[in-house]
Amino acid sequence: MKVKYVGESKSVESVGGKEVKLDKGTVLECMEREFFASAIVRATLDSGDRVKVKRAELQKV
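Take 1 as the starting number for the sequence shown in this note's numbering and just add one per residue.
Treat the hints with caution; some may be incorrect.
As the list claims (entries may be wrong) - Computed list of lysine-lysine pairs in DSS-like fashion (alpha-carbon distance at most 30 angstroms, straight line):
#, residue 1, residue 2
1, Lys24, Lys52
2, Lys52, Lys2
3, Lys52, Lys10
Because the hints were derived from the structure by calculation, they are not lab data.
All values derive from a computational prediction rather than experimental measurement.
My request is simple: use the sequences and hints to build the entire structure.
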């Protein structure tokens, strides 16, 4: 499912160890089951990088 990052813009470390810029309003892809069941969600950017984001900083699109 598509979600939008609504937290403050920041640099985060991807699951692979790469430094990634996460901007406010960025659209991410995540699993619906994980979005509703977890406090920390693994999401994928359009570039293919996977990041872990707090669910409170995400909004369903």
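Inset, instruction - Give me the numbers of the hints this structure contradicts, sorted from smallest to largest. - result: Violated hints: none at all, because every hint is consistent with the structure.
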